[in-house]
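Engineer: Protein chains in written order, with the numbering used here: chain A, 1 to 447; chain B, 1 to 219.
Please keep in mind that the hints were generated in silico from the structure rather than gathered at the bench. Just so it is clear, CB atoms sit at the ideal spot from N, CA and C, and this is done for glycine as well. A couple of the hints might just be wrong.
To be verified - BS3-like mimics (lysine-lysine), calculated; alpha carbons at most 25 Å apart, straight line:
{"#": "1", "chain 1": "B", "residue 1": "159", "chain 2": "B", "residue 2": "200"}
{"#": "2", "chain 1": "A", "residue 1": "308", "chain 2": "A", "residue 2": "420"}
{"#": "3", "chain 1": "A", "residue 1": "292", "chain 2": "B", "residue 2": "159"}
{"#": "4", "chain 1": "B", "residue 1": "218", "chain 2": "A", "residue 2": "341"}
{"#": "5", "chain 1": "A", "residue 1": "308", "chain 2": "B", "residue 2": "217"}
{"#": "6", "chain 1": "B", "residue 1": "159", "chain 2": "B", "residue 2": "217"}
{"#": "7", "chain 1": "B", "residue 1": "218", "chain 2": "A", "residue 2": "308"}
{"#": "8", "chain 1": "A", "residue 1": "341", "chain 2": "B", "residue 2": "217"}
{"#": "9", "chain 1": "B", "residue 1": "218", "chain 2": "B", "residue 2": "200"}
{"#": "10", "chain 1": "A", "residue 1": "292", "chain 2": "B", "residue 2": "200"}
As the list claims (entries may be wrong) - A few chain A residues that don't get close to chain B, going by computed Cβ distances all over 10 Å:
{"#": "11", "residue": "234"}
{"#": "12", "residue": "421"}
{"#": "13", "residue": "432"}
Claimed, not checked - Derived Cβ-Cβ restraints for the label pairs, each shown as a range:
{"#": "14", "chain 1": "A", "residue 1": "307", "chain 2": "B", "residue 2": "183", "range": "55 to 61 Å"}
{"#": "15", "chain 1": "B", "residue 1": "183", "chain 2": "A", "residue 2": "216", "range": "51 to 57 Å"}
{"#": "16", "chain 1": "B", "residue 1": "204", "chain 2": "A", "residue 2": "248", "range": "25 to 31 Å"}
{"#": "17", "chain 1": "A", "residue 1": "307", "chain 2": "B", "residue 2": "137", "range": "30 to 36 Å"}
{"#": "18", "chain 1": "A", "residue 1": "308", "chain 2": "B", "residue 2": "146", "range": "30 to 36 Å"}
{"#": "19", "chain 1": "B", "residue 1": "187", "chain 2": "A", "residue 2": "213", "range": "54 to 60 Å"}
{"#": "20", "chain 1": "B", "residue 1": "172", "chain 2": "A", "residue 2": "253", "range": "36 to 42 Å"}
{"#": "21", "chain 1": "B", "residue 1": "172", "chain 2": "A", "residue 2": "419", "range": "30 to 36 Å"}
{"#": "22", "chain 1": "A", "residue 1": "176", "chain 2": "B", "residue 2": "172", "range": "49 to 55 Å"}
{"#": "23", "chain 1": "A", "residue 1": "179", "chain 2": "B", "residue 2": "94", "range": "42 to 48 Å"}
{"#": "24", "chain 1": "B", "residue 1": "119", "chain 2": "A", "residue 2": "307", "range": "38 to 44 Å"}
{"#": "25", "chain 1": "A", "residue 1": "307", "chain 2": "B", "residue 2": "187", "range": "31 to 37 Å"}
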Amino acid sequence: MSSIRIFLIVVILSIMTLGIFISALHGYRSGISNAQQIFDSELADTAQLLSVVRDDYHPGDTAALETTRYVFQIWQGDTLLLRSANSPEILIAPLTGGFHDRNFNNHRWRTYSLYNESSRRWVITAERLDIRNSLAENIVLESVLPVLALLPVLAVIIWIVVGRGLAPLQRLANVLGHKRADDLSPIPLKDQPVELTRLTRAANDLLSRLQASFEREKQFTANAAHELRTPVSALKIHLHNLSEELPDGEERLQALVSVTDRMGHLIEQMLALHRTTNDQFIANFTGLDLYKLVQDVIVGEYASLEDKNQQLEFRGVNSLLRADQFALETLMQNLLNNAVKYTPQGGSILITITDSAGAIILRVEDSGPGIPGDQYESVFNRFQRIGGDQNSSSTPGCGLGLSIVRQIVELHQAQITLGKSEELGGLSVSIVFSGKRMAGPDGKNDG
Amino acid sequence: MQILLVEDDLSLAEGLQKGLGREGFTVNHVSNGAEAIHAVDINTPDIMTLDLGLPDLDGLDVLRQVRKKHPDLPVLLLTARDALEDKVAGLDMGADDYLVKPFAMQELLARLRVLERRISTTTSSEIQIGAIRLDTVTHGVLVNGSSVELSRREYMLLKALMENAGRIQTRENLESRLYSWGEEVASNAIEVHIHNLRKKLVPDFIRTVRGVGYTVKKA
Numbered sequence: 001m002s003s004i005r006i007f008l009i010v011v012i013l014s015i016m017t018l019g020i021f022i023s024a025l026h027g028y029r030s031g032i033s034n035a036q037q038i039f040d041s042e043l044a045d046t047a048q049l050l051s052v053v054r055d056d057y058h059p060g061d062t063a064a065l066e067t068t069r070y071v072f073q074i075w076q077g078d079t080l081l082l083r084s085a086n087s088p089e090i091l092i093a094p095l096t097g098g099f100h101d102r103n104f105n106n107h108r109w110r111t112y113s114l115y116n117e118s119s120r121r122w123v124i125t126a127e128r129l130d131i132r133n134s135l136a137e138n139i140v141l142e143s144v145l146p147v148l149a150l151l152p153v154l155a156v157i158i159w160i161v162v163g164r165g166l167a168p169l170q171r172l173a174n175v176l177g178h179k180r181a182d183d184l185s186p187i188p189l190k191d192q193p194v195e196l197t198r199l200t201r202a203a204n205d206l207l208s209r210l211q212a213s214f215e216r217e218k219q220f221t222a223n224a225a226h227e228l229r230t231p232v233s234a235l236k237i238h239l240h241n242l243s244e245e246l247p248d249g250e251e252r253l254q255a256l257v258s259v260t261d262r263m264g265h266l267i268e269q270m271l272a273l274h275r276t277t278n279d280q281f282i283a284n285f286t287g288l289d290l291y292k293l294v295q296d297v298i299v300g301e302y303a304s305l306e307d308k309n310q311q312l313e314f315r316g317v318n319s320l321l322r323a324d325q326f327a328l329e330t331l332m333q334n335l336l337n338n339a340v341k342y343t344p345q346g347g348s349i350l351i352t353i354t355d356s357a358g359a360i361i362l363r364v365e366d367s368g369p370g371i372p373g374d375q376y377e378s379v380f381n382r383f384q385r386i387g388g389d390q391n392s393s394s395t396p397g398c399g400l401g402l403s404i405v406r407q408i409v410e411l412h413q414a415q416i417t418l419g420k421s422e423e424l425g426g427l428s429v430s431i432v433f434s435g436k437r438m439a440g441p442d443g444k445n446d447g
Numbered sequence: 001m002q003i004l005l006v007e008d009d010l011s012l013a014e015g016l017q018k019g020l021g022r023e024g025f026t027v028n029h030v031s032n033g034a035e036a037i038h039a040v041d042i043n044t045p046d047i048m049t050l051d052l053g054l055p056d057l058d059g060l061d062v063l064r065q066v067r068k069k070h071p072d073l074p075v076l077l078l079t080a081r082d083a084l085e086d087k088v089a090g091l092d093m094g095a096d097d098y099l100v101k102p103f104a105m106q107e108l109l110a111r112l113r114v115l116e117r118r119i120s121t122t123t124s125s126e127i128q129i130g131a132i133r134l135d136t137v138t139h140g141v142l143v144n145g146s147s148v149e150l151s152r153r154e155y156m157l158l159k160a161l162m163e164n165a166g167r168i169q170t171r172e173n174l175e176s177r178l179y180s181w182g183e184e185v186a187s188n189a190i191e192v193h194i195h196n197l198r199k200k201l202v203p204d205f206i207r208t209v210r211g212v213g214y215t216v217k218k219a
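Next up, chain A with everything else stripped away, as it sits in the complex:
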């Protein structure tokens, strides 16, 4: 993944490094050349000084110099009048005025020859080039190196500045990233740099179109399901009338009645699934008593239990928790209907609520055939029924039940586990509610 920040930093740093090096190089070269001129003029000045000193030299005289950097000779005609002690006795430079580069004493020298008219003497001064060059280099480097040392400092400053420049982008990313799935409200435009306003406008436009399409879909599903309820009622009533009028009507129309029931069931499940889908679900958490809720659901669903002559037992204690009442009712209805559906005639169903220190556990067990362990996960998939479409239960169902249950469980940050009932031998479904006790995050009970 490419990063604007790293790109900017690398490019800016490269350009700056290149610029600094070029200017340093230039400074180095002109510095050296300046230094050479200065040294040259020093050499010439020294020769000038020596030439005007009037003295009677005896040929072969030497003068001791403390430095090895310079040598000098004073010639009169072919006679070497005076030389520095470190100078050879031969002529070190041609007797033509000006600067020359010469080799002697195993070094390369810069020489200056000067002729004094009045004393008719040649004065030759020479300076060792290696020493002079290293001196010049030292001077120049001392002025150039600090600029190079500045580079890391500049890098840090550029890093910070680029970071600050990109901060609005980071903030926008955070705002978008932390949006809840159901929050399609526009991103505020204020305090945004011009460059990001266009992006934000485009994002807001997208959000509003998304919102509209969500709204349409939501309305469509809800309306369709609601609209279907009335014709299904009509169908049921007409079937009832028909079965009363026909001889053996009830028996002959049984298949039709069960298909109609199944259709009605599917509509209800679609509505429930729709209402509890994450981006539609606006949790209306209130404090409620799970015991009371389960009891109400059992009362409401009792007719189907009685039809199959099943024994139901409910053991529980009052258990207060924060939850969405409608969602929990749907959850309980689905669990109970599943148990009724998969438990044979005359079977048993046991519902328990246990409230131990940390958690409330709701468990629904039955004496049905249960579910093989390797299918525990797949039963939560939508439209999945045990045994496929040839489901042996021959009861209305659409395979949405447990997927709705799981959705509701997740909305309540609870945990669901399937297992084998120890007491009844069939399926055991346990839901563990934890942390969502009456004392909610705001510490008050609005139930």
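Knowing the structure of chain A, use the given hints to seat chain B on it.
Structural biologist: Showing chain B alone in chain A's frame:
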């Protein structure tokens, strides 16, 4: 027994008219709210079944209007809506019962029978389930044709269960029917009454749903 059926779905209305007619109800049908309010005024029915989703008026508005002049008219709401708030609002506004579509004919009949007994004309005062016959006017109870003596609370208990045959009555529910506000209720009072009642009836007539309540099987 005259029922005013307020329902805009004509097929459903036709089916209900036919089905209820067979059960001995006289059904008048109107398909919108304005007609419903008018019909109640000129020929007040014994029971009104009211669909909440009407083309012209909101069903709850119709209910409010009707309640002004006819505070005692039993009203049963039929609706395709299911929002909890709607249900609560409907009952708050004085509806007597509430049935969500799609419903079974038997369920509608059961609810209507309860409303019918509430207005208790003598013709429909008897409930017969299996060997037990209960007369809501004379408060007499016959087991296999012979009269049994029940205490006032035992009678109320039996009536509540038989009126709601096929449905569970929770203990809390029964307590609130048997005892008025503030009256001292022993924690096992209902159990004791049920125990006594069972001895006077046929075995297994009242069934216990452990942890939930009691029920009488539908006839």
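Engineer: Taking the hints in turn, state whether each one holds.
Structural biologist: Here is what the structure says about each hint:
1. B:159 with B:200: Cα-Cα ~14 Å, so holds.
2. A:308 with A:420: holds, 22 Å
3. A:292 with B:159: Between residue 292 (chain A) and residue 159 (chain B) the Cα gap is close to 24 Å, so the pair holds against 25 Å.
4. B:218 with A:341: holds, 20 Å
5. A:308 with B:217: holds, 12 Å
6. B:159 with B:217: Within the cut-off at roughly 13 Å; holds.
7. B:218 with A:308: Holds, at about 13 Å.
8. A:341 with B:217: Given pair residue 341 (chain A), residue 217 (chain B) holds - Cα atoms ~20 Å apart, limit 25 Å.
9. B:218 with B:200: Roughly 19 Å between the alpha carbons, so the hint for residue 218 (chain B) and residue 200 (chain B) holds.
10. A:292 with B:200: violated, 31 Å
11. 234: violated, 4 Å
12. 421: Holds, since 17 Å exceeds 10 Å.
13. 432: Given a closest Cβ separation of 20 Å, the condition holds.
14. A:307 with B:183: 55 to 61 Å: violated, 37 Å
15. B:183 with A:216: 51 to 57 Å: The hint (51 to 57 Å, Cβ to Cβ) holds, given that residue 183 (chain B) and residue 216 (chain A) are roughly 55 Å apart.
16. B:204 with A:248: 25 to 31 Å: holds, 30 Å
17. A:307 with B:137: 30 to 36 Å: holds, 32 Å
18. A:308 with B:146: 30 to 36 Å: holds, 34 Å
19. B:187 with A:213: 54 to 60 Å: holds, 57 Å
20. B:172 with A:253: 36 to 42 Å: This hint holds: roughly 39 Å between Cβ atoms.
21. B:172 with A:419: 30 to 36 Å: With Cβ atoms ~32 Å apart, the hint holds.
22. A:176 with B:172: 49 to 55 Å: With Cβ atoms ~51 Å apart, the hint holds.
23. A:179 with B:94: 42 to 48 Å: For residue 179 (chain A) and residue 94 (chain B) the Cβ distance comes to about 45 Å; the hint holds.
24. B:119 with A:307: 38 to 44 Å: This hint is violated: roughly 30 Å between Cβ atoms.
25. A:307 with B:187: 31 to 37 Å: Roughly 33 Å apart at Cβ, these two residues keep to the hinted range, so it holds.
Violated hints for the displayed structure, listed by number in ascending order: 10, 11, 14 and 24.
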